[in-house]
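2 protein chains.
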Amino acid sequence: MADEVETAMRAIAFSGGTLDRADGLREDAAALAALVADGKLLEMEGIAPLLDERGGLCWGAAGAGAEAAFLGRDHAGRGHFAPIPAADAANVAPPDARLWQAMARIAPEELALYGLARSLAGWHARHRFCAVCGSPTRLARGGWQRDCSGATCGAAHFPRVDPVVIMTVEHDDALLLGRQPRFPPQRYSALAGFVEPGESLEEAVAREVFEEAGVEVGAVRYVASQPWPFPSSLMIGCEARARGRELRIDAKELEDARWFTRAEVRAAMRGEPDAPFLPPPPHAIAWHLLDRWLAGG
Amino acid sequence: MADEVETAMRAIAFSGGTLDRADGLREDAAALAALVADGKLLEMEGIAPLLDERGGLCWGAAGAGAEAAFLGRDHAGRGHFAPIPAADAANVAPPDARLWQAMARIAPEELALYGLARSLAGWHARHRFCAVCGSPTRLARGGWQRDCSGATCGAAHFPRVDPVVIMTVEHDDALLLGRQPRFPPQRYSALAGFVEPGESLEEAVAREVFEEAGVEVGAVRYVASQPWPFPSSLMIGCEARARGRELRIDAKELEDARWFTRAEVRAAMRGEPDAPFLPPPPHAIAWHLLDRWLAGG
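If you're matching them up, the sequences are chains Y and C in order. Reminder that position 247 of the first sequence reads as 246 in numbering that gives the first Met the number 0, one-by-one numbering, no gaps. Reminder that position 208 of the second sequence reads as 207 in numbering that gives the first Met the number 0, one-by-one numbering, no gaps.
Check the hints yourself; a few may be wrong.
Short derived list, chain Y residues pointing at chain C, Cβ under 7 Å [said to hold, decoys possible]:
#1 S14
#2 T17
#3 D19
#4 D22
#5 L24
#6 G114
#7 L115
#8 F128
#9 A130
#10 P158
#11 P226
#12 S232
#13 L233
#14 H282
If you are wondering where the hints come from, they were derived from the structure by calculation, not from laboratory data. Heads up, the beta-carbon is just placed ideally off N, CA and C, and yes, glycines get one too.
Okay, chain Y solo, but in the shape it has when bound:
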C-alpha cells in the first residue's frame, strides 16, 4: 500500500528529480568553484525554459561570471546550475499556454529539474531586498540563501515553499469539484487553498472546503504530494468525506461547484465527448486524485 503510493507518486509531474542536491557542498566555496568550472548551466529566458528541437532542456557551460544557483550533481558528479534572472515582472508571472505545451515534451526527470530551477530562480528574482530592513540582499550558500547586506540587520533568508492543500471531497458515490473563473471553459477540478499559519493540514482541508463550498467534512486522509513551481508551492493531495451535499458557493473563489457521479467523472477522465466537464490536466496532482478516486482508492 505505502509502496503503491510511492510508485504512483513518482509519476507525478515536477517530482522525481535525479540530481544529488549535495546539501553539504552549498557552504563549501572551494567545492562549489570546482563544480562551476566544468558545470552545466540551464538556459532560461527569465524563468521560462529554452528547449531544443527534441523538446529537451538546453544546457550551456557554467563558469562564466554570472550568479547561479547550485541545483545538484548528476551521477557522474557534474554540477548543474540555474541562472539568476533579473527582478522584473515577467519573472513573477504565471506560466502561459505556450509553456504548458513545451513542458509536455520534457522528460519527467528534466521537468523536475526545471521546476526546481524555476522555483529557485524566481525566488531570487523576488528577494533582492531584505524584508526585515529593506537593504539589498546577496546570494549565499550556492543559491540556497540570501543574506541581508545591512550593517545592523544581517538577516538570512531561505527559499520559500508554500504548502497548499488540494482535495477530493466525496459523499456517497459522488465527488465535489469546483470551477475557478480563470479555468479554461468546462474545466472542473479539486478544491484547493493555501495552508495558513496556525492550522494542521487536516484543519486546512476542512476550512477550505467549508469556505469555498459550505460543505463540512469528517475524515481527511493524505494521498500524495507534488512540488508545483508557480511560483513555489507544495501541493498536498488529500481525500475528504463530506457530511452532506448542500452547497453554499463562495462566488469570490469559485464560479461554480457541483457534485459529479462516478460515471460522470469516469467519462470526463476518459475524454468522452458527452462528458459533463473537462478534467484537470495530467500534470496536475488533481488529475491523480480523480484517477485514484475512480480506481476506488
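Chain Y is already provided as a structure; the job is to place chain C on it using the hints.
Just chain C now, kept in the frame of chain Y:
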C-alpha cells in the same frame, strides 16, 4: 482508521483552534471595523504571551488605534485580534524555557490561538519591507497580507508557512533517532528538515534521512501534521522504513544518531530512570510519532 488519526491529531499542541477565521471578512473594511469596535486584543510582549494567574491568555479591548491582525470570530461572533509588534530582534528569537513552561499551562484551544497570533505577529515584524523592491510595506486584508508601498512595484506579500518533514525511521524493530547540538542533555528525537523547492514530501523525507544519517529509506507514510509557531513551520510527520542500519552521521546537523530498540524507546517515553535517552517533549509532534510507533501504528 482515518477517524483515529483525526482524533489523535486534535491532541497535538498548537492545532485545534476553535475560532472561525472568516476569510471572507478580511477584505471587508466595514465588517472589520465593526469587529474591532467590540473586539478582543491578545496581550503580548513582542511575540511572547502575557498570562494571568490561572495560566490563561490575557485579552484587552481592540478598537484602539494600533494595527492588529484579525484572528477570527468566536462562537458568539466576537472578533479576536493580535497586536503587531515592533520589528526588533526579540520578535525573531526562538522561545526560551520560560515560555515553554508558561505554555504548558494554557488550554489547548488557547495554545492554538496563541500559536496563530505568534506566527502572524512575527511575520509582520519581519516583513516591514518589500523583498522585491525594498520599499516599506503596509498591512492589508485584516493582517493576512502586506502590500508594497512602492509606486512601480506594488507587490502583495502573504504570511509564510514553511513545511518541515519530521520522521520516525524504522528498521526491523528499532527506531533511528538523532540528537541536535542545541537539545537538552540526553534528548534524542525524530530527524527533521525543511522541504525544499522541487521535491515532494516523500522525496524530502528520503533526502533528509540520507543527508543527516546516511540511511536510505523505502516506503514513506504520512502520519499527522502540526502547526509550529517558531516562527511559522508546518510540521509534517511521517514514518519511513530504512533499507539498512549503517549510519554515516552529518556532524554539521547532528551530534549523534542511534538505533534504539522498542524496549529502549518505551522506557524513555515512560520516563523510566534507567532509560537510555530523554524523549522529545509532549507538545512536539515527534512525541506523537514515537508514541504511535510504540503502539504498533
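How the hints compare with the structure:
Residue-level restraint check for S14(Y) holds (minimum Cβ-Cβ distance to chain C is 4 Å; threshold 7 Å). For T17(Y), the suggested interface contact is broken, since its CB lies about 11 Å from the closest CB of chain C, more than 7 Å. For D19(Y), the interface hint is violated, the least distance from its beta-carbon to any beta-carbon of chain C being 9 Å, above 7 Å. Given hint, D22(Y) at the interface with chain C, holds; its Cβ is 5 Å from that chain's nearest Cβ, closer than 7 Å.
Taken as an interface hint, L24(Y) does not check out: its beta carbon lies about 11 Å from the nearest beta carbon of chain C, beyond 7 Å. The restraint placing G114(Y) at the interface with chain C holds, with a minimum CB-CB distance near 5 Å, inside the 7 Å limit. Taking 7 Å as the C-beta cut-off, the interface hint given for L115(Y) holds, the closest approach to chain C being about 3 Å. Evaluation of the F128(Y) hint against chain C yields a held restraint, the C-beta minimum of about 4 Å falling below 7 Å.
Annotation: interface hint on A130(Y) holds; nearest CB of chain C at approximately 5 Å, less than 7 Å. Here the hint on P158(Y) is kept, as its CB sits about 5 Å from the closest CB of chain C, short of 7 Å. At a threshold of 7 Å, the smallest CB-CB gap from P226(Y) to chain C is about 5 Å, leaving the interface hint in force. With a least beta-carbon distance of about 9 Å to chain C, the hint placing S232(Y) at the interface is violated under the 7 Å criterion.
Hint on L233(Y) holds. Least Cβ distance to chain C is approximately 5 Å, under the 7 Å limit. For the restraint placing H282(Y) at the interface with chain C, the shortest Cβ-Cβ distance is roughly 14 Å, beyond the 7 Å limit, so the hint is violated.
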